[in-house]
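Novice: With chain H fixed as given, assemble chain W onto it according to the hints.
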Amino acid sequence: MNVLRSELLPLRNSNDVVLARQKVRQWSIELRFSLVDQTKLVTAASELARNALDHGKGGEMTIEQLSNGPKSGLRLTFADQGPGIPNIEQALTDGFTSGSGMGLGLGGSKRLVNEFSIESEVGKGTKVIVARWR
Amino acid sequence: MDRIPVLRMGSLLLITIQVDMHDKLAMQLQDDVTQRISEWGSTGVLIDISSLEIVDSFIGRMLANIAAMSRVLGADTVVVGMQPAVAITLVELGMSLPGVRTALSVEAGMELLFEAAAPTQSGLADERPQV
Chain H
1 MNVLRSELLP
11 LRNSNDVVLA
21 RQKVRQWSIE
31 LRFSLVDQTK
41 LVTAASELAR
51 NALDHGKGGE
61 MTIEQLSNGP
71 KSGLRLTFAD
81 QGPGIPNIEQ
91 ALTDGFTSGS
101 GMGLGLGGSK
111 RLVNEFSIES
121 EVGKGTKVIV
131 ARWR
Chain W
1 MDRIPVLRMG
11 SLLLITIQVD
21 MHDKLAMQLQ
31 DDVTQRISEW
41 GSTGVLIDIS
51 SLEIVDSFIG
61 RMLANIAAMS
71 RVLGADTVVV
81 GMQPAVAITL
91 VELGMSLPGV
101 RTALSVEAGM
111 ELLFEAAAPT
121 QSGLADERPQ
131 V
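Protein sequences appear in the order of chains H and W.
So the first sequence is numbered by my numbering: it starts at 1 and just counts up by one.
So the second sequence is numbered by my numbering: it starts at 1 and just counts up by one.
FYI, nobody ran anything at the bench for these hints, they're computed from the structure.
Ideal Cβ placement from N, Cα and C applies to all residues, glycine included.
Treat the hints loosely; a few may be bogus.
[Unchecked claim] With the Cβ distance kept under 8 Å, some of the chain H side facing chain W (calculated, not the full set):
id : residue
1  : 17
2  : 35
3  : 39
4  : 42
5  : 43
6  : 47
7  : 50
8  : 67
9  : 71
10 : 93
11 : 105
[To be verified] Chain H is nowhere near these chain W residues, computed Cβ spacing over 10 Å in every case:
id : residue
12 : 14
13 : 49
14 : 103
15 : 106
16 : 118
Bound conformation, chain W alone:
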C-alpha cells in the first residue's frame, strides 16, 4: 500500500503531500503522524501542501484532525504553502480551517514551530505535560 512519507528532522516531523490523496491514504497519514509523534517524541509537525491542487472538506477535516491529535500529544502543527486558488475555494466552501496554524512557506512554518517549542514564560510551554 502506498503511504505519504513522514520524515524526522530533529524534533520536528516533516510531511510533504504531493499526491492527489484518496481517502484511505488520508486516514493512513493521521495514524502515521500520531504514531511517529509518540515514538519519536516530536514537538512539531510541518505539513507542506504546496503541491495540492485542491483541498476539499475531507482533506480539510484531515488537516484539522492531525492538528488536534498532535496537540493532544504535545506537538504543534503548521500547514504551509497553500496555493492562493485553494485558499479562495476553501473559504467559499465554508471552511476556514479553525484550529490549524498556517504559514506561507516552509521557513516561516519552521520558525513558528521553533518559537512554540522554545521554553518561554508564556503559557504555551506550561500546557505540555512534564515528563
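Bound conformation, chain H alone:
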C-alpha cells in the first residue's frame, strides 16, 4: 500500500471542522467516490473532527490518498492531546455520551467507513484512524 499524498489540517475551532469536511469532500470527488460514499466519509470526518475538538480540546486531521494495487482510498487520522478515553468499548456504544451529544459520534462513524481503529491513553490523548476504499 502506498501513500500518494497527504495533508495536515488543524482542528482548533468549529470553522476548522468545516474546512476539514470540505477537504475530505474535495479529495473524495478527485478520487471519484460515488456520491453516497462521499457523503458517508465526509459525515464520518465531521463527527470525528468534532470529537477531537469537543472532547480532545483540539487536535489535527491528517488526510492521505492511498493506493493498493487497483484500489484507491482515503485515510483520515484524527489526533488530539486531550484527556483520552478510559473505556473505549463503552465509548463505541451507541447512546453513550460524555458530553451533550447523542453519543453517535464514534460508533456511528465506524459504520460509515471500511476501516476503523482507535488508540487512546488517559491523560495523553486519542487517535482515530479511518479509511474508505473505492
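Specialist: Showing chain W alone in chain H's frame:
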C-alpha cells in the same frame, strides 16, 4: 456575524439552509427560530435542507431541537428536501430523526403544516394553548 435568514410567510416561518454550517451558526438558528415564533405567533416552521450535503449528528440534533422547541411554543416543524445520500448516511450513522416531521418537497411540507394548522376535530388542535 453571519446568520441563516428566517423568513416570515403568513403564519409560517421559512428557513433555507444553504451554507456549510459551523456550530455557532446552528446554535444561533435555534435562538432565532424560537424568538421569531414568539414574536410573530407563527404556527409552522418549514426548514429546507435540500442544499445540505451532509447532516451529521450535530446538525441532526439541532433539527430535532428546533422541532421540539417549536412544538412547545405551539408551532409544527417540517424538514424538507433531504438528499437521498444524506438520508442513507444519516440512518447508517444511527440517527433517524425521531420527532422530526419530514417531506420530500417544499410544497408537500407546506401542505402538512397547513393541515396541522387547520382547525379540526382531531386532538392536534386541542394541544395548543388557547389565548
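Novice: Next step is simple, just say for each hint if it's right about the structure.
Specialist: Each hint tested on the structure:
no.	hint	in the structure
1	17	holds (7 Å)
2	35	holds (5 Å)
3	39	holds (4 Å)
4	42	holds (5 Å)
5	43	holds (5 Å)
6	47	holds (6 Å)
7	50	holds (6 Å)
8	67	violated (25 Å)
9	71	violated (22 Å)
10	93	violated (11 Å)
11	105	holds (6 Å)
12	14	holds (24 Å)
13	49	holds (13 Å)
14	103	holds (21 Å)
15	106	holds (22 Å)
16	118	holds (34 Å)
Hint check: violations occur at hints 8, 9 and 10; the rest are consistent with the structure.
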